[in-house]
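Take the sequences, apply the hints, and build the full model.
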Amino acid sequence: MLGFASPLLLLALVAVPVLWFLLRAIPPAPIRRRFPGVALLLGLMDEDREADRTPWWLLALRMLAISAAIVAFAGPVLNPRPVAVGKAPLLIVLDGGWADAYDWQRRIAKATSLLDGAERTGRPVAVIQLADTPQPVDFKAAGDMRGKLATMAPRAWLPDDLTQWVPSLPKAPYDTDWITDGLSDGGRSDLVTQMVKAGAVTLYASDRPIYALDPAVQADGKLSVTARRYPAGPATSLNLAARGPDPSGTDRQLALAPLAFEDGAASAKAEFDLPPELRNRVTRFAIEGQRGAGAVSLAGDALKRRKVALVSDAADGEGLQLLSPLHYLRQALTPSADLIEGGVMDVVPAKPDVIVLADVAQIPQAESDALVDWVKKGGLLLRFAGPHLAAADTGRLADDPLMPVILRQGGVTTGGAMSWGAPKTLAPFPDTSPFHGLAIPSDLRVKTQVLAEPGPDLSDRTLAALDDGTPLVTRKVIGLGQVVLFHVTANAEWSDLPLSGLFVQMLERLAISASAGAGSVEGLTGLVWTPEHVLDGWGDLSDPGSLAGVPGDDLARALKSGPGPKAPPGLYRNDGRVVAVNAVPEGFALTKADWPADLKPQDLTLPAETALKGPVLSFALILLLLDILATLALSGRLRFRGASAALVALTLLAQPHPAQADAAADQRAIAATDGVVLAYVITGDPRVDEISAAGLQGLSDQLANRTAVEPLAPMGVDVAKDELAFFPFLYWPVTADAQVPSAETFAKLNRYLRTGGLILFDTRDADVALAGPTPEGQALQRIASGLDIPPLEPVPPDHVLTRSFYLLQAFPGRFSEGGLWVEAAPPDAAKAEGMPFRNLNDGVTPVVIGGNDWASAWAVDANGAPMFPVGRGAAGDNQREYAYRFGINLIMHVLTGNYKSDQVHVPALLERLGQ
Amino acid sequence: MTLSADLRARAEALGQTLPPLLAEAEHLAATVALGEHGRRRAGMGDDFWQYRAARPGDPFRAIDWRRSARSDQAFVQEREWQAAQQVVFWVDPAQSMNFSGDRNRPSKADRARVLALALAVLLLRGGELVGLAGKAAPRAGRGQMLHLIEAMALDLAQTQADYGAPEPGGFVSHGRAVFVSDFLGDMAGVETALSAAAGLGVKGVLLQILDPAEEEFPFDGRTVFVSMGGSVSHETQRAGDLRTRYLARLAERKARLADLAQAAGWHYLAHHTGSAAQSALLWAYRALEGGH
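Those sequence lines, one after another, are chains Z and L. Residue numbering for the first sequence follows the working numbering, beginning at 1 and increasing consecutively. Residue numbering for the second sequence follows the working numbering, beginning at 1 and increasing consecutively.
Bear in mind the hints are in silico, worked out from the structure with no lab data behind them. Positions of the beta carbon are idealized from the N, C-alpha and C atoms, including for glycine. Treat the hints with caution; some may be incorrect.
Stated by the list, open to error - Some chain Z residues flagged as far from chain L (calculated, every beta-carbon gap over 12 angstroms):
{"hint": "1", "residue": "Ala15"}
{"hint": "2", "residue": "Leu42"}
{"hint": "3", "residue": "Gly43"}
{"hint": "4", "residue": "Thr133"}
{"hint": "5", "residue": "Lys140"}
{"hint": "6", "residue": "Asp214"}
{"hint": "7", "residue": "Glu288"}
{"hint": "8", "residue": "Gly342"}
{"hint": "9", "residue": "Pro401"}
{"hint": "10", "residue": "Glu532"}
{"hint": "11", "residue": "Leu547"}
{"hint": "12", "residue": "Leu617"}
{"hint": "13", "residue": "Ser618"}
{"hint": "14", "residue": "Ala633"}
{"hint": "15", "residue": "Gly756"}
{"hint": "16", "residue": "Pro790"}
Said to hold, decoys possible - Which residues of chain Z face chain L? A few of them, derived with a C-beta cut under 10 angstroms, are:
{"hint": "17", "residue": "Leu10"}
{"hint": "18", "residue": "Leu13"}
{"hint": "19", "residue": "Ala29"}
{"hint": "20", "residue": "Pro30"}
{"hint": "21", "residue": "Ile31"}
{"hint": "22", "residue": "Arg33"}
{"hint": "23", "residue": "Arg34"}
{"hint": "24", "residue": "Phe35"}
{"hint": "25", "residue": "Pro36"}
{"hint": "26", "residue": "Val38"}
{"hint": "27", "residue": "Ala39"}
{"hint": "28", "residue": "Leu44"}
{"hint": "29", "residue": "Met45"}
{"hint": "30", "residue": "Asp46"}
{"hint": "31", "residue": "Lys560"}
Unchecked claim - Pulled from the structure, derived: some chain L residues nowhere near chain Z, Cβ distances all over 12 angstroms:
{"hint": "32", "residue": "Gln50"}
{"hint": "33", "residue": "Ala69"}
{"hint": "34", "residue": "Gly127"}
{"hint": "35", "residue": "Glu167"}
{"hint": "36", "residue": "Pro168"}
{"hint": "37", "residue": "Ala258"}
{"hint": "38", "residue": "Ser275"}
{"hint": "39", "residue": "Trp283"}
Structural data, given as structure tokens:
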């Protein structure tokens, strides 16, 4: 589409034919030449009389040049923004769910352009996000909405019931611009009907596919994850990453599996075959390169297979198998846990999650100590009573650490032939119990049990009791772990409990077994679940902050039909169990929204408005230059033949020869290794790159002035193409639209970081930079996710950066508020004796992350004068000085490593010298 | 000859440029090795030639008494004949001579004057009488050079014409004449002068000085050619088309000059400012010498 800023100027094109006649009548001006031989020329006539007219091609050239100039001054614009015509208030509707996240920037850009259009015509505007809970809609001046638009972020859920929005809609008339994700939501047609009644409705939709991950499924020892997409396009190959903490606790990619969508297929499956240790670490799956909560699948407990050790006293018993105290446990646990059997001393080194002692009474001291140690580190010791326990002296003493309660001598049998009362059943579980909410089968009977001595903390330790109040399940917390005692046997000898489904559910709630369907309603109801991590709309896990606990019923609903504002997706914990609520519920289908027939979604792509005035004017200028050459040639002034040769040579020069390219790379390598060269990453934004270059030039100048480091001119580096090994230091300004590097580039960057390179990431937004909500912060997260970055911490006051050349405690750039993050010190770093800093001897931090826009503070122009103002007056000069000092410290840290940290050894060295 | 003050000033200004020219001319003349010059027979002159026995009719004054006293015969001392030539120069002072096709080349006028002065130096050294047609009467001696230069400057200052024609007067009967010009102007003047010269028995040299640009006509495109004084102009759309016809006309002009020279017993040479001056000088000197 082509438009003109001042189309009336195009009328001047009418005059061009007139020009034809004018130009045709006037031949090119002759040269006056002094020449004595003219006497001999007198009377000689020209052979060709036509030559005194301008040749037609020269005329055409001139007309083209003049037409181009006229067109250029008329201000041609490619893809001009359409100017909104309506006068009614404008309602801008965004779906705002996770499905919008992938191209959220485009949606916001579209909304902003709509807002701009409304502002130009003075229409009041309201912006709503359908994924939010409905609020009354007020129209405001377009300028006021700008801020709201900028702070909007996609939610981690999809709009649920749109009918709720209907009463909130403003009074007609108003026009609606709906930027939709194209997915079907409940009640959409109601809303659309309402809007169509109120005024014009325009739909915008993105053509990019939406990806959604189903919860991971465990089958045959493999993890399989199904990904869906909408719309089903051509064959696409993506990668699915399984992420989780590594042994040091850092979140990492643990495995990668291909996710190949066939042509036209709406879903694809990725399979992981992981060893149990690795599988138990997986916390989530994410489609690489896709943003949005839908492309993330949290794992929760569902994937964990706990290691359960079964220890039985009657291992050598020759009873029937059905009488074995472990038979029912084995049956209940086999589907969901890895079982180990053996003696206590055999199983403890295997570090099981749970050790089950079924009717084991006598525990030798050595085994007891080992068990206590294990429990204190977080183990769960599950004990069952039985004839041996009832008969033994174990637990009679208050100080038995492996028994939650003190037991009375002998058991109690009720409902037997020789007893008074009927068999007891279970009382409803109290709401403090982890079993709260479980249904108790009516036919459950407990015939025999061991009894607990009453004590002050007995009721606290009781998790389940019989209907007469005698404890059935008791628990004691030791250290990080716990000991749980079932006062009945693990077989059906003393009660029906092991035969009932309740037994399995109880085990599940004790986090002994985790069934594949962790989200069963029964498993959730009656409990309040504390959010541990919450998934945001971008698909990142974050701290829940002050989010209140979520009742199990809401959670169950979220698991079934998708999360909402009440239960956002995330990881919820209740007493050792973790339930994952995913943005995409199981079995969720991505279906196309049905729009009324007359509403056709327009493409979201916002073709950039390109002003063509410059190029067209340049074109006219080139034509005029050609005209000069042609006129010169015609009038004989272009005498030397070299001119054409030079033209040809120029055009040839414009195409670099491959050999020249190699030579250029060699030249570059030589230039980069001729001395210390500070380098910056080319972002593609010419302004940012210019500032980076000027900034590093300023820093280089200061380094040369003040220190023994005399860097050469800084160089720009394309991380994808250029060799990085030449540069000890890379300055990486992060722009909001920064492209995520490819896998090879990440490998290259990681190699660079591992081999001693240092990257200074600068988000230039004065934000703390990590986990910031700014676009730059998000871009940094995208880039950093692929990098091998160790745990970070804000610069501690004794970091070597604070004293590698100058003594510094602040690291200002053009901003001074933002923090600075470096590799975290090892937790066991001890304060050095007699020194004000810790004994941190090794390593240069591979990355330094901040947002203070250092390059702008360092930047100097060609004359060596600062390019940008910093602060105000003397304080500003001071700040710039400190910015330079930080830069010098940083380069010194890069070049000398931990040299200054070695000062801790000074006393020892002095002492040795003294001897 | 009366001169206005203005004319004298211009002449003096022009004269300033001539001493360097003279130096150049003398330098040029020094490169020419002179052969024998005496007439090698008895005649009027200062140098002793031979004694001979007195014959009846010899005046008494002619008898060399010292020689006669040594014998019985009377002897007469004869001297070598040293009749001096009278050479009249005409150096074209017209504006067309000021042309140079290239800033690194001397103008035709410079070359013409250098050649004329160098020739004058050589002739004066040989004892000939040298003058400038219509401006300076032929005289001998080194001092004549200054007169020549002054006369040339005066001639230049007085001339406004685009093309020059030789002065028909000023010839000395049976003398020699040297015309230095580009001969691009009207041929009538040259013809008149030559026929007048032939009438007086004057032999001489036509030295045509041309710039290489005039020989090659390296022009193209739409051009207005203007003579040096601006009196004559010619416009063409494609100068390149005129080249062959111009060159034909030039060749015709040269042939004409050669014919005229031959008819009058003169010598003709076309000299280019692009080539060395020595060859032209030597040629002119030989031509004057062999004129007998």
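A quick look at each hint next to the structure:
At roughly 27 angstroms from the closest C-beta of chain L, the C-beta of Ala15 (chain Z) stays outside 12 angstroms, upholding its exclusion from the interface. At roughly 6 angstroms, the least C-beta separation between Leu42 (chain Z) and chain L is not larger than 12 angstroms, which violates its mark as non-interface. The Cβ of Gly43 (chain Z) does not lie farther than 12 angstroms from every Cβ of chain L; its closest approach is about 8 angstroms, which violates its non-interface assignment. For Thr133 (chain Z), the requirement that its beta carbon stay farther than 12 angstroms from each beta carbon of chain L is met, with the minimum near 83 angstroms.
Residue placement check: Lys140 (chain Z) keeps its beta carbon more than 12 angstroms from all beta carbons of chain L (closest about 71 angstroms). The Cβ of Asp214 (chain Z) sits about 81 angstroms from the closest Cβ of chain L, beyond the 12 angstroms cut-off, so the non-interface label holds. Non-interface status of Glu288 (chain Z) relative to chain L is upheld: no Cβ of that chain comes within 12 angstroms, the nearest being about 68 angstroms off. Annotated as non-interface, Gly342 (chain Z) keeps its C-beta farther than 12 angstroms from every C-beta of chain L; the closest such distance is 108 angstroms.
Taking the minimum C-beta to C-beta distance to chain L, about 113 angstroms, the non-interface status of Pro401 (chain Z) holds against the 12 angstroms cut. Listed as outside the interface, Glu532 (chain Z) is consistent with that label: its C-beta sits roughly 88 angstroms from the nearest C-beta of chain L, beyond the 12 angstroms cut-off. Once the 12 angstroms rule is applied to beta carbons, Leu547 (chain Z) is consistent with being away from chain L; the minimum gap is 86 angstroms. Listed as a non-interface residue, Leu617 (chain Z) keeps its Cβ farther than 12 angstroms from every Cβ of chain L; the least gap is roughly 30 angstroms.
For Ser618 (chain Z), the requirement that its beta carbon stay farther than 12 angstroms from each beta carbon of chain L is met, with the minimum near 29 angstroms. With a closest Cβ-Cβ approach of about 8 angstroms to chain L, Ala633 (chain Z) is found to fall inside the 12 angstroms limit, against its non-interface label. Taking the minimum C-beta to C-beta distance to chain L, about 65 angstroms, the non-interface status of Gly756 (chain Z) holds against the 12 angstroms cut. Once the 12 angstroms rule is applied to beta carbons, Pro790 (chain Z) is consistent with being away from chain L; the minimum gap is 75 angstroms.
Of the supplied interface hints, the one on Leu10 (chain Z) is violated, with its beta-carbon coming no nearer than about 35 angstroms to a beta-carbon of chain L, more than 10 angstroms. A hinted interface residue such as Leu13 (chain Z) counts as satisfied when its beta carbon comes closer than 10 angstroms to some beta carbon of chain L; here the least separation is about 30 angstroms, so the hint is violated. For the restraint placing Ala29 (chain Z) at the interface with chain L, the shortest Cβ-Cβ distance is roughly 8 angstroms, inside the 10 angstroms limit, so the hint holds. With a cut of 10 angstroms, the hint placing Pro30 (chain Z) at the interface with chain L holds, because the nearest CB-to-CB distance is about 4 angstroms.
For Ile31 (chain Z), the interface hint holds, the least distance from its beta-carbon to any beta-carbon of chain L being 5 angstroms, beneath 10 angstroms. For Arg33 (chain Z), the suggested interface contact is upheld, since its CB lies about 5 angstroms from the closest CB of chain L, less than 10 angstroms. Taken as an interface hint, Arg34 (chain Z) checks out: its beta carbon lies about 6 angstroms from the nearest beta carbon of chain L, inside 10 angstroms. With a cut of 10 angstroms, the hint placing Phe35 (chain Z) at the interface with chain L holds, because the nearest CB-to-CB distance is about 5 angstroms.
Taken as an interface hint, Pro36 (chain Z) checks out: its beta carbon lies about 4 angstroms from the nearest beta carbon of chain L, inside 10 angstroms. Taking 10 angstroms as the C-beta cut-off, the interface hint given for Val38 (chain Z) holds, the closest approach to chain L being about 4 angstroms. Against a cut-off of 10 angstroms between C-beta atoms, the interface hint on Ala39 (chain Z) holds, since the closest Cβ of chain L lies about 5 angstroms away. The interface hint given for Leu44 (chain Z) is met, as the beta carbon of that residue sits about 5 angstroms from the closest beta carbon of chain L, less than 10 angstroms.
Taken as an interface hint, Met45 (chain Z) checks out: its beta carbon lies about 9 angstroms from the nearest beta carbon of chain L, inside 10 angstroms. Against a cut-off of 10 angstroms between C-beta atoms, the interface hint on Asp46 (chain Z) holds, since the closest Cβ of chain L lies about 5 angstroms away. At its closest, the beta carbon of Lys560 (chain Z) sits 90 angstroms from a beta carbon of chain L; the interface hint therefore is violated under the 10 angstroms criterion. Even its closest Cβ contact with chain Z, about 55 angstroms, leaves Gln50 (chain L) beyond 12 angstroms, as expected for a residue assigned away from the interface.
At roughly 70 angstroms, the least C-beta separation between Ala69 (chain L) and chain Z is larger than 12 angstroms, which holds for a residue marked as non-interface. Annotated as non-interface, Gly127 (chain L) keeps its C-beta farther than 12 angstroms from every C-beta of chain Z; the closest such distance is 37 angstroms. Distance check for Glu167 (chain L) against chain Z: the nearest CB is about 20 angstroms away, which clears 12 angstroms, and the non-interface claim stands. Listed as outside the interface, Pro168 (chain L) is consistent with that label: its C-beta sits roughly 21 angstroms from the nearest C-beta of chain Z, beyond the 12 angstroms cut-off.
The claim that Ala258 (chain L) lies off the interface holds: its Cβ sits roughly 17 angstroms from the closest Cβ of chain Z, which is beyond the 12 angstroms cut-off. Ser275 (chain L), annotated as away from the interface, keeps every beta carbon of chain Z farther than 12 angstroms; the closest lies near 18 angstroms. Taking the minimum C-beta to C-beta distance to chain Z, about 23 angstroms, the non-interface status of Trp283 (chain L) holds against the 12 angstroms cut.
Hint compliance for this structure: hints 2, 3, 14, 17, 18 and 31 are broken, all remaining hints hold.
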